[in-house]
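Quick mapping for you: the protein sequence lines, in order, are chains W and R.
Position 107 (the first sequence) corresponds to 107 in my numbering; numbering is contiguous.
Position 210 (the second sequence) corresponds to 210 in my numbering; numbering is contiguous.
It is worth saying that the hints were derived from the structure and are not from the lab.
It should be emphasised that the depicted structure is a prediction, and the values quoted were computed from it without experimental measurement.
Among the hints, a few may not be true.
To be clear about the criterion: a stretch of chain R counts as covered by chain W if any three or more of its residues have a C-beta under 8 Å from a C-beta of chain W, and this derived list gives those stretches [unchecked claim]:
1) 33–40
2) 51–64
3) 132–141
4) 216–223
5) 254–262
Pairwise CB distance ranges, derived in the manner of DEER restraints [stated by the list, open to error]:
6) R:Ala265 x W:Lys247: 14 to 22 Å
7) W:Lys247 x R:Ala185: 53 to 61 Å
8) R:Ala52 x W:Glu70: 40 to 48 Å
9) W:Ala263 x R:Trp40: 19 to 27 Å
10) W:Pro64 x R:Tyr212: 57 to 65 Å
11) W:Ala27 x R:Leu257: 42 to 50 Å
12) W:Gly56 x R:Ala72: 55 to 63 Å
13) R:Gly187 x W:Ala263: 42 to 50 Å
14) R:Arg23 x W:Ala27: 54 to 62 Å
Glycine residues also receive a C-beta, built at the ideal position from the N, C-alpha and C atoms.
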Amino acid sequence: MSTPALPAPDPRLRDPALWSRLAWASAALVLLWPLAVACEFRPWVLLEADNLRVSGQFLASFLPPALGAEFLWLVARETWRTVAIATAGITLGLLIAVPATLLSARALSVSALGGRMAALPFVLRQALRWALIVLRSVPELVWALVFVRVVGLGPTAGVLAIALTYGGMLGKVYGDILDSGDPHATETLLRNGSGRLQAFAYGLLPQNAAELTSYTIYRWECAIRSSVVLGFVGAGGLGQQLDSSMKMFAGGEVATMLAVFVALVALADRTSSGLRRALG
Amino acid sequence: MRPARAANPPYKLPPPLFDARCRACWFVAGLIALVVASFWSLDLQIAQFFSAESAASMGRFVGEFFPPDLSAPFVHKVAAGAVETLAMSALGTLLAAVGGLALAVPASRLHGTDGAPARAATRLLLNALRSIPELVWAALLLISAGLGPLAGTLALALHTTGVLGRLFAEALENAPPGPGAALRAQGLGALRVLAYATLPQVLPQLVSYTLYRWENNIRAAAVLGVVGAGGLGQLLAFHMGLFHMPKTATILAAMLLLVALVDAASYASRRWLMR
Numbered sequence: 001m002s003t004p005a006l007p008a009p010d011p012r013l014r015d016p017a018l019w020s021r022l023a024w025a026s027a028a029l030v031l032l033w034p035l036a037v038a039c040e041f042r043p044w045v046l047l048e049a050d051n052l053r054v055s056g057q058f059l060a061s062f063l064p065p066a067l068g069a070e071f072l073w074l075v076a077r078e079t080w081r082t083v084a085i086a087t088a089g090i091t092l093g094l095l096i097a098v099p100a101t102l103l104s105a106r107a108l109s110v111s112a113l114g115g116r117m118a119a120l121p122f123v124l125r126q127a128l129r130w131a132l133i134v135l136r137s138v139p140e141l142v143w144a145l146v147f148v149r150v151v152g153l154g155p156t157a158g159v160l161a162i163a164l165t166y167g168g169m170l171g172k173v174y175g176d177i178l179d180s181g182d183p184h185a186t187e188t189l190l191r192n193g194s195g196r197l198q199a200f201a202y203g204l205l206p207q208n209a210a211e212l213t214s215y216t217i218y219r220w221e222c223a224i225r226s227s228v229v230l231g232f233v234g235a236g237g238l239g240q241q242l243d244s245s246m247k248m249f250a251g252g253e254v255a256t257m258l259a260v261f262v263a264l265v266a267l268a269d270r271t272s273s274g275l276r277r278a279l280g
Numbered sequence: 001m002r003p004a005r006a007a008n009p010p011y012k013l014p015p016p017l018f019d020a021r022c023r024a025c026w027f028v029a030g031l032i033a034l035v036v037a038s039f040w041s042l043d044l045q046i047a048q049f050f051s052a053e054s055a056a057s058m059g060r061f062v063g064e065f066f067p068p069d070l071s072a073p074f075v076h077k078v079a080a081g082a083v084e085t086l087a088m089s090a091l092g093t094l095l096a097a098v099g100g101l102a103l104a105v106p107a108s109r110l111h112g113t114d115g116a117p118a119r120a121a122t123r124l125l126l127n128a129l130r131s132i133p134e135l136v137w138a139a140l141l142l143i144s145a146g147l148g149p150l151a152g153t154l155a156l157a158l159h160t161t162g163v164l165g166r167l168f169a170e171a172l173e174n175a176p177p178g179p180g181a182a183l184r185a186q187g188l189g190a191l192r193v194l195a196y197a198t199l200p201q202v203l204p205q206l207v208s209y210t211l212y213r214w215e216n217n218i219r220a221a222a223v224l225g226v227v228g229a230g231g232l233g234q235l236l237a238f239h240m241g242l243f244h245m246p247k248t249a250t251i252l253a254a255m256l257l258l259v260a261l262v263d264a265a266s267y268a269s270r271r272w273l274m275r
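I would like the entire structure built from these sequences, with the hints used as guidance.
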């Protein structure tokens, strides 16, 4: 059989949703166009001769990675400082988060035992919650920029930035964890006349200790990642070193530090998930 | 019959504070050592930070923010920066969803007898993409893409490709195998099985992961510009570097507003979807 001039479409190959597919695809393109314009999205810039040469040179200088004894020692010290900034920041953050949680946990309200919480404690708790949310929603990089101006370049700015952001995060989530559990034991303690701290220590804490610890460890892992980033605005640690090597186009040093950083993140990830699994 | 035991036997002593076999004790000891070593090695000027002098300088610093610069041309500029931030995050996430899906297919074992030869290598690539933060990618890309939002968009896309690729691969591997097996038994190729059996089943999950990452990326894009990669962050770094404090205050306010709006929208949409 010869092919007809205008072949009738094979009914098995007809796409019943053809028109709606075309309509959705063109709508998506119309939406995407202004986005691409707003981002100055011109990826072919990457392929211009000048840019290719510069990036080629930079990438070529990655090999061999810098492995001098002195440089490795520097990297080791900065890596430790990165971990130390994260740990110190989380510790100071706990100084904000723990009191805020104790004050704002609904489960520890005495007046809520009789049904509705009284007005003043309710307003106080809600205000504290909002304060924590504000602390949390300012990105740590912005805190770091501000603190670098106030206390100068160095790890102090990084520690304070992590402390404030993570204090807010931990406080908010601790409150949510404490309020989402079964309130029975705590309520019984409060009803029988124990103080709020006693009810917390013997009712709420044993119930939720594993979850609280697990979340704190997870946040510690996140803090390690963000303390590297904070280094880019001058808050010490591996990031600051990485930034200065990049500005000097020292590709070998950048390669070594990126490898160390990936290894550090993987190690923190392993440690954190191992510890959290042990908690059950 | 066993004698009934008291709930709390009176003869039982409390456990010793430290026991070499108690893992929690070792954990706490290690934790204390880590915290002490951290504070000791950093020589923080915390005491100095809480001194009267530092409080005065902090007060002066905050005082300079007021009044924020609300002149019409500058507010326009900030609004343009906010739009650029949103566009960067949307386009970056979209590129990442496409790239993540493209990498998730070789990174997953789609059926029992699938050898998945590139699985380990692709997963390694995804992990490397994921473990380098957006900001570091942006700083690296500045060298080849130059200052501006292009570097930021690509940086977001690279990091998010790693994150989404891994999540997508998990979703593909956990998809119910029935429909795929039925099509394979009819002799369909891998591509058609993917397009007509596996993907339609996991599509809602993939979309929800992508939306979640978009939310994260808006927040990330707002600060990404600090290294020069466009958006509100670039304005912030520029004006803060020149000590234009009233302008800095406006940009900071815009940033917080953007983050708060995203949070509220995400909360509201989650409430609406969970209804």
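Against the structure, the hints:
1. 33–40: holds (count 5)
2. 51–64: holds (count 4)
3. 132–141: Check passed, 6 qualifying residues.
4. 216–223: holds (count 3)
5. 254–262: holds (count 4)
6. R:Ala265 x W:Lys247: 14 to 22 Å: violated, 37 Å
7. W:Lys247 x R:Ala185: 53 to 61 Å: holds, 59 Å
8. R:Ala52 x W:Glu70: 40 to 48 Å: At roughly 41 Å between Cβ atoms, W:Glu70 and R:Ala52 fall inside 40 to 48 Å, so the hint holds.
9. W:Ala263 x R:Trp40: 19 to 27 Å: Hint holds: Cβ distance 25 Å, inside 19 to 27 Å.
10. W:Pro64 x R:Tyr212: 57 to 65 Å: violated, 40 Å
11. W:Ala27 x R:Leu257: 42 to 50 Å: The hint (42 to 50 Å, Cβ to Cβ) is violated, given that W:Ala27 and R:Leu257 are roughly 29 Å apart.
12. W:Gly56 x R:Ala72: 55 to 63 Å: violated, 45 Å
13. R:Gly187 x W:Ala263: 42 to 50 Å: Between R:Gly187 and W:Ala263, where Cβ atoms are some 46 Å apart, the hint holds.
14. R:Arg23 x W:Ala27: 54 to 62 Å: At roughly 57 Å between Cβ atoms, W:Ala27 and R:Arg23 fall inside 54 to 62 Å, so the hint holds.
When held up to the earlier numbered hints, the structure conflicts with 6, 10, 11 and 12 and fits the remainder.
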